[in-house]
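Order-wise, the sequence lines are chains A and B.
Residue numbering for the first sequence follows this note's numbering, beginning at 107 and increasing consecutively.
Residue numbering for the second sequence follows this note's numbering, beginning at 120 and increasing consecutively.
Bear in mind the hints are in silico, worked out from the structure with no lab data behind them.
Idealized CB from N, CA, C, for every residue including glycine.
No false leads were mixed into what you were given.
Coverage of chain A stretches by chain B, computed from C-beta distances (three or more under 8 Å per stretch; other residues unrestricted):
no., region
1, 143–152
2, 156–164
3, 167–177
If you want a taste of the chain A side facing chain B, the calculated C-beta under 10 Å gives, among others:
no., residue
4, Ser136
5, Asp137
6, Leu138
7, Ser140
8, Glu192
Here is what each chain is made of, one letter per residue.
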Amino acid sequence: MRIKHLQGIIEAEIFQGVFEDIEIAGGYTSDLLSDVMAHAKAGEILITIQAHRNSVAVAGLVGAPAIVICNGRPVPEDMIGAARDEGIAILRTDLNQYEVSGRLWKALRD
Amino acid sequence: MATVPINADSSPGVVLELLYSIKVKDAMTREVMTASPTSRLRDVQTLMRDNAITGIPILDEGRLLGIVSIGDIISALDSGTMDRSADAVMSGSVITLDEEMPLSFAVTYFDRYKFGRFPVLDSSGRLSGIITASDILRRLLIALNEEIGKMEQRIAGRHAASGGPVPMMELSFGTTPLDFSRAGNASARFKKALVEKGCPPPIARKAAVASYELELNQVIHSTGGIMRMRVFDDSIEISAQDEGPGIPDVDLAMQEGYSTANEWVRSLGFGAGMGLPNVKRVADEFSISSEMGKGTFVMAVIKWDKR
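With the hints as constraints, model all of the structure from the sequences given.
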């Protein structure tokens, strides 16, 4: 499944659309950026409520192609700018991390 | 308003040298928007708006008569006198700089007179440019980049002379306490440089993880420091040197889950007490030393088997 396909599944809005629409390898759900650094694998999307540019830095370093911001948290401009520079998609949804993770897991399994 | 955050008396030697060696004409903007004394304020305002500038010199055949600032325009708007001519409202006693003056004069002028810009005159007294605080900062940044490049080359030369292995690449960046907007920049640059050098992504990622955690530690806990990466034939060395305050109990700091970060830092997703353990986990060699009041030095080496 590709990133743009995920948009409908998790009822998300795309906040940063400059990215390569690649296959999603999986997901990593965490709000602790050190935990993401330690355990997220390249190609997994980051599911989090940490809506700031440091999440983009971490996503860039671990090779996450997209960040899903949950609970409809506001996405600041500088985060969008940083993500555009890195070519990382930002999606935002009103769902919480549990629901997003569940729907992604199911979609990848089916 | 437009003070320059650089002091022409007590800045570091390199900066002072630059301030004295760079001339005003090397930093100023040469294409100056000007108007004539008979220009109407309405037209001056259009000129300002279209060019996003806040002051227009008024010239009569190349000779500077005065300057109309955005403040003058606001006053004219307020009193409904936008149809008056520029010479009716311009400030006539304009403080100017000579284009041959060193940049240190310009810095002093900005701090002494609270103007946003100074017209620059050539030796015959004609307007040759205009200088703003951002012109100075832009020129200084370019010059500082060149100087730091030279310093890095000298340091690399010393390593070579001292007989140690010569890195094929060396990069370093400074960190600023609690500046989360730039935190991670050094690590991102390191990773990009490694990938460009043909480093396998899993190795580049290890280096990036080590570097990012150390960089964030400097941003969160230190009073500022330097992140350095040296790339050798068979290894990548990431080191973090800060200037304090030091870690009271290094063993405790190495324990997973131990953190002294405050609530605000934690709310950003940091300070989970995983930083140093993460560095150690990805590193093939790891060392840390810390002295209270002096600073902390951490080094992580990641082996890079090119075969």
